[in-house]
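Those protein sequence lines, which keep their order, are chains A and B.
Going letter by letter, the first sequence gives residues 1311 to 1741 in our numbering.
Going letter by letter, the second sequence gives residues 21 to 369 in our numbering.
Check before you lean on any hint, since a few could be wrong.
To be verified - With the Cβ distance kept under 7 Å, some of the chain A side facing chain B (calculated, not the full set):
(1) 1363
(2) 1403
(3) 1411
(4) 1458
To be verified - DSS-like cross-link-like pairs, simulated, lysine-lysine; straight-line CA separation at most 27 Å:
(5) B:196 with A:1418
(6) B:196 with A:1469
(7) A:1683 with A:1670
(8) B:196 with A:1355
(9) A:1471 with B:196
(10) B:23 with B:40
(11) A:1418 with A:1471
No lab work stands behind these hints, which were simulated from the structure alone.
Note that CB positions come from ideal geometry on N, CA and C, so glycine has one too.
Read off the chains here:
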Amino acid sequence: MHHKGLLVLAIVLVLSLLAGLACAGGQPATTSAPETPAKETTPIKIGFMGNLSSASSLSAKAAAQLAVDEFNAAGGIDGRKVELIVEDTKGEIPKCVELYKKLVMVDKVDLVVIGEKVEMGVAGMETGAELYPEYPHIFINTTGSGDVIWQKVATNYNKYKFGFQTYYYTSSGYLTVMVPKDSGPMWRDVIKVKKLALIYEDMEWTKPVRQGIPNVYPSAKEIFKSLGIDVVYESTLSLDQKVFTSVLDDIARSGAEGIDMVVGYIDEAAFVKQWADSSAKNLPIFMWGGLVGMPQAWEATGGKCAGVMVGSSMVREPITEKTVPFMDNLYNKFKVGAIFGSHTTYDSLYGYKKAVETAKTTNAEAVIKAMEKVEEVAVLGTIGWDAKNHYNLPSPKYITPSVQWQNKEMKIVYPTTLKSAVPYKNPADCR
Amino acid sequence: MVKINTEFRRDRIVLRLDTKKYEWVIEPRYWRNPILGVLVLMVLPLFVYQYPNLLTMITTANLYAAIAIPLGLQIMGTGRMNFGPQFYLGIGGYTAALLNLHFGWGPGATLVATIAVCLAVSLLLSPITWISKGLYFSLITLILPLAFLDVTYVYGDIFRGEVGLSGMSPLFTLGKVSWNYLAYFYCSLLLLLIFLFVSDKIGRSRFGVNLAAINENEDVARMMGVNVNRYKIFYYVLPSVLTGIVAWFIVHTFRTFAGVTYLPLEFMIKILLISVVGGRGFVYGAIPGAYLIVGLDEALRGLGTINYFIYPLVLAILIIILAPKEGVYGLFHRHHYRDYYASMKVRRE
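So here's chain A without its partners, still in its complex pose:
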């Protein structure tokens, strides 16, 4: 009785210690020995980190597992088996930092993949930069958007060269490609508008699109202007905004002939419902990403999304021979949909595989050089990374189709060169 209090304290500390030790597993951390031929017969280890309570991380995790299963079924990478270690960050930066160290220092993985929010990728990359000189490894960020990952490589190559970013076409890093070669021609040649309203969500990833990056990219408005499309209205929406009617009325009054929405995280269901009942309801609308690009959007909006266009990789279009089998296998084997984050994770692993096979080693320096040159057939086109900036090769190499909701289904309307592309329809004709 007398020592019960101390006992309680001791149990608390021992519990935490045991729990951590149990979860840490594996061998304790030792500094990596120089690469030797003997090591090259050991399994290649890949670490995946994500917030396993989020749908996109779960889908990305399943995609990583699918890729690793396929590698092993085909004899591994360069004859070596591949081992996947999955860690749950719970969406917390301290946990992300902790697990990154575990994967690199304890599990000694060759590659770390972070498949969740961009701030986790940034935290991981900082930890990785600290570890790289002693524990060389490769890092790929496959789900978080924005410029920060590749800009670190661009501005301090020696420190961050181990980091790569794979993302869909909405990455603002592709602004010079995305607007001039994808959405710009779509508005000008397919939908045929001359005046456009631009709507951005108030997030960091849209900032370069809004403002451009000095000496790197002009803003989206300037790019549209160079294509002969005047931006007559611009506005920013906050993430917690629920009422959009005044914005839609202002757009209708502005004389805009279409609405280009640089969004992915706003309440798109609420926006679409209000658009369908507003004075702007007959204006074509294109959303860069988000809920409306998912199959459940029809039900979520009560069918009000008819006529809405959106960038979506969830349509069954055989962009390459890998696209449809990937979607089917992911669902059949893991019961998850091929949503945001899954394509990029799967394709990144195939890109890494090709780079290791080219370099014939997992030595990080050699693999980095190989990844800067690699091109491999992927689910969404061709995977590879820019040699200087380490973002993945943009459209038309890596494609996210623009689809339109027609007859309760998402139909590809751009690029028109895709096999299942259908003609664009006015929103009124889709209702």
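Given the structure of chain A, go ahead and fit chain B onto it with the hints provided.
Quick look at chain B alone, frame taken from chain A:
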């Protein structure tokens, strides 16, 4: 001529210099348990040194405890429940990070700036402890970090919104990353122990008596001559500054800082859980509370996605069992009651 008088008693040494009196407790029962507790924390890294992730985990536990300790002091000293101490985590973190990134200030200079900015902001906001009571105070403090979170998006050019700031300079570099991580742990432990020491000293001092009086009944304390308003400012400002210092430490050890991680309510709930499970009536409870919550989180994470159901369930059970006993530390305190331990309770009225 200064008169010096030294007196050796059974349990303490008393030194008198003229009218001033100093005491040092020498009887083991008074200091044995705290020393044992500190020793356990100090030797813990020897067992986990080879596992840098565990070292980071217990460093994080120290930091959580270092946030919960001033929070406990603040709750008792102002007699009000603060639902947004992470506001000062944001203020301190962004101050240190911005000054380091844009002006190249080193960790020493950013520490001074962090303290100054947190001091200024908390002084400015401290009158809310006079104006609002109970639920209203809680609501105001709840809103502050959420409003600041919005500011980090609106002024994305400065705060970088959801991406946050990264690339800040490290606290130090010892040549090997594993040495760095070990040193970070001991620094976090030092921070924690300083906070504990400061809180403990306050609790035992004349300030602490006033703190207990304010916490028991503000009106009665005022009637007895306690300058309640002045004390409430002190107990609002000091913990706010201490919380800011934790943010400074996070900035220079994790080297990334994003408001979206630290400012939302979820983070505050974790700190509140640490206070409740550890023992909300005592600042000491924050340490076992933080280690328990962080250890439990790590242990249950191994269960896979089901841990998202099990973890809150276990926490709920812990709260039901431990809250009536004033948390883990309450269990200890109940069986080892000592009049020298602070025994102030959170005011229930």
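Here is how each hint holds up against the structure:
no., hint, result
1, 1363, "5 Å, holds"
2, 1403, "5 Å, holds"
3, 1411, "4 Å, holds"
4, 1458, "5 Å, holds"
5, B:196 with A:1418, "16 Å, holds"
6, B:196 with A:1469, "16 Å, holds"
7, A:1683 with A:1670, "14 Å, holds"
8, B:196 with A:1355, "23 Å, holds"
9, A:1471 with B:196, "20 Å, holds"
10, B:23 with B:40, "10 Å, holds"
11, A:1418 with A:1471, "19 Å, holds"
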